[in-house]
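Residue numbers (this note's numbering), protein chains in the order written: chain A, 1 to 413; chain B, 1001 to 1104.
It is worth saying that the hints were derived from the structure and are not from the lab.
Hints may be right or wrong, so weigh each one.
[As the list claims (entries may be wrong)] Capping the alpha-carbon separation at 27 Å, the derived lysine-lysine pairs in DSSO-like fashion look like this:
{"id": "1", "chain 1": "A", "residue 1": "Lys225", "chain 2": "A", "residue 2": "Lys50"}
{"id": "2", "chain 1": "B", "residue 1": "Lys1002", "chain 2": "A", "residue 2": "Lys327"}
{"id": "3", "chain 1": "A", "residue 1": "Lys309", "chain 2": "B", "residue 2": "Lys1002"}
{"id": "4", "chain 1": "A", "residue 1": "Lys211", "chain 2": "B", "residue 2": "Lys1044"}
{"id": "5", "chain 1": "A", "residue 1": "Lys151", "chain 2": "A", "residue 2": "Lys243"}
{"id": "6", "chain 1": "A", "residue 1": "Lys384", "chain 2": "A", "residue 2": "Lys211"}
{"id": "7", "chain 1": "A", "residue 1": "Lys264", "chain 2": "A", "residue 2": "Lys151"}
{"id": "8", "chain 1": "A", "residue 1": "Lys243", "chain 2": "B", "residue 2": "Lys1044"}
{"id": "9", "chain 1": "A", "residue 1": "Lys62", "chain 2": "B", "residue 2": "Lys1044"}
{"id": "10", "chain 1": "A", "residue 1": "Lys62", "chain 2": "A", "residue 2": "Lys243"}
{"id": "11", "chain 1": "A", "residue 1": "Lys327", "chain 2": "A", "residue 2": "Lys151"}
{"id": "12", "chain 1": "A", "residue 1": "Lys327", "chain 2": "A", "residue 2": "Lys309"}
{"id": "13", "chain 1": "B", "residue 1": "Lys1044", "chain 2": "A", "residue 2": "Lys218"}
{"id": "14", "chain 1": "A", "residue 1": "Lys50", "chain 2": "A", "residue 2": "Lys88"}
{"id": "15", "chain 1": "B", "residue 1": "Lys1044", "chain 2": "B", "residue 2": "Lys1086"}
{"id": "16", "chain 1": "A", "residue 1": "Lys62", "chain 2": "A", "residue 2": "Lys225"}
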Amino acid sequence: MPFSLLRYGLSSEPRIVPDFPPPPPLRDAYDVVIIGGGGHGVATAYYLAKRHGITNVAILEKGYLGGGNTARNTAVIRSNYLTPESVKFYIASVELFRGLSNEFDFNIMYSERGQLTLAHTDGAVRAFRQRAEVNRHLGARSEMLDRQQIKELVPRLNLDTPHQPVLAGLWHIDGATARHDAVAWGYARGAVARGVDFHPLTEAEDFLVEKNRVTAIKTNRGTIKCGCVVQAVAGASAILLNKLGIRAPIHTYPLQAMVTQPVKPFLTPLVSSSALHCYIQQTGRGEILIGGGSDPYPLYSSRATIDLKEGLLAHALEMFPFLANAKLMRQWAGITDMTPDYSPIMGLSPIDNYYLDAGWGTYGFKATPICGLTMAELIASGGKVPELIRPFSLDRFSRFHQINEMGATAASH
Amino acid sequence: MKLMPCPLNGPRNITEFTYGGELTPMPDPLACTDAEWADHVFNKTNPAGIVREWWLHNASSYWFIAERDTVTDTILRTLDPGEIFKTRIDFAPPQTTPSQENPA
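Chain A with its partners taken away, still in its complex shape (with noise of 0.2 Å):
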């Protein structure tokens, strides 16, 4: 790497490397077609190709390579979750992203300050010496903060919100954050460099089903035939689940979001509220990324609504008053897909060769390198569920064995 940048610098003419080849034909047939070229779809591949040498591989995305829900969420890592379930998923993911960068040869910019969540009540206090315990257990590095703590690690914080005065933190050392472009560019480049297609501006639009598998997808670019299929679309999910007579429990909800004009650097650590269904953190580029809450009620579009937005900004002045003079630079929202206990679905379906990447809800891009692994695996198997992804099974609901992680949200319930 040092020399080739040597050579590159003395070179009189600017080398021009492609990253990403242009889109290829569409062949009739594929072993394994991936709907969906965002984070988890690429990811997929990407391990696929890498770890299982299974190449014929299409990814079909509707509008070009990370343009969902993987360019909108606001970038947060980490494995401060309740259930022992997620937090042995969401370690096995912290530790694939450290290593990214190195893997790709691509720098993700991942980012390890650490994330800090605040307790305004004895419930929530409790609730966080749970996490905290169950955290340290598996391996996560996790603790609670006293007042004076919270304090010495966040200056600005007031720590005497209005409504309910801070009481505890939980400090989650692991807390990260990357850059989230780059994590589906990396994946992306790594598996079309192995062999795979990716195909933007191709949409699956309706699929055939012979003796309980899906034998074809129709697309807008023709008919293709499939080895097997795995859907990870985010918020698209139900409109296929539909299209194919899957029923799931999945509710469709808008995210807004919001960064501010950038500011001089005075907050290293993500910040988050459940009580005030706020988080704040600031970005590479300085500016003051915050992010609250699902939009009210079920919708698939993306628009933006004032009184989400007043109420979210009131609940961020409340931890750092001196952001009032801040003007807001940009918003936008991501449809996320919520299952009732906020934990994914991934696995089988009630179809024999279709495997779903489904219900992430607000926790998506945190699990994008796992979920690719054990996707990947999942796929080369022939459908054997590894270990790690079977708690979070379709059939789960029919069972009644729902893995709750409603209160490791940062702030979405």
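Since the structure of chain A is already known, use the hints to place chain B on it.
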């Protein structure tokens, strides 16, 4: 602010209301299987398009039904539940002894 045309209170700010879930027929809790009950409790149609659902006006505790387009974010129609439910539904008492009852 978005307005919700409440059948009882007229047009009011939508922040005064709470979304109450899709309107789906309830299976008989005593006669149906666990799988049918789980399907009713958890699974949703969740269409990208027109959906019929319950809403509550918080201040007056009034439940009603709205037809809403989930793609365009428009409310097409609201109606009093009496327009759909013409007869009173009486829930039979549980057939179990209190010690076997599951409060959930």
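How the hints compare with the structure:
Between Lys225/A and Lys50/A the CA atoms are separated by roughly 23 Å; this keeps the pair inside 27 Å, and the hint holds. Distance restraint check for Lys1002/B and Lys327/A: the Cα-Cα separation of roughly 25 Å lies within the 27 Å cut-off, and the hinted pair is therefore satisfied. At most 27 Å may separate the alpha-carbon atoms for a hinted pair to count; Lys309/A and Lys1002/B meet this at roughly 14 Å. For the given pair, Lys211/A sits about 25 Å from Lys1044/B by alpha-carbon distance, which is consistent with the 27 Å threshold.
Among the hinted pairs, Lys151/A with Lys243/A is inconsistent with the structure: their alpha-carbon atoms are about 52 Å apart, more than 27 Å. This hinted pair checks out: Lys384/A and Lys211/A have alpha carbons roughly 20 Å apart, not beyond 27 Å. The straight-line distance between the Cα atoms of Lys264/A and Lys151/A is roughly 19 Å, inside the 27 Å bound, and the hint therefore holds. The suggested pairing of Lys243/A with Lys1044/B holds, with an alpha-carbon distance near 14 Å, which does not exceed 27 Å.
Restraint check: the Cα-Cα separation between Lys62/A and Lys1044/B comes to about 25 Å, which is no more than 27 Å; the hinted pair holds. Restraint check: the Cα-Cα separation between Lys62/A and Lys243/A comes to about 16 Å, which is no more than 27 Å; the hinted pair holds. Of the supplied pair hints, the one linking Lys327/A and Lys151/A holds, its CA atoms being roughly 26 Å apart against a limit of 27 Å. Between the alpha carbons of Lys327/A and Lys309/A the distance comes to roughly 13 Å, so the proposed pair stays at or under 27 Å and holds.
Simply put, Lys1044/B and Lys218/A have alpha-carbon atoms about 25 Å apart, close enough for the 27 Å limit, and the pair holds. Of the supplied pair hints, the one linking Lys50/A and Lys88/A holds, its CA atoms being roughly 23 Å apart against a limit of 27 Å. With a CA separation close to 25 Å, the supplied pair Lys1044/B and Lys1086/B stays within the 27 Å bound. Straight-line distance between C-alpha atoms of Lys62/A and Lys225/A comes to about 18 Å, which keeps the hinted pair within the 27 Å bound.
When held up to the earlier numbered hints, the structure conflicts with hint 5 and nothing else.
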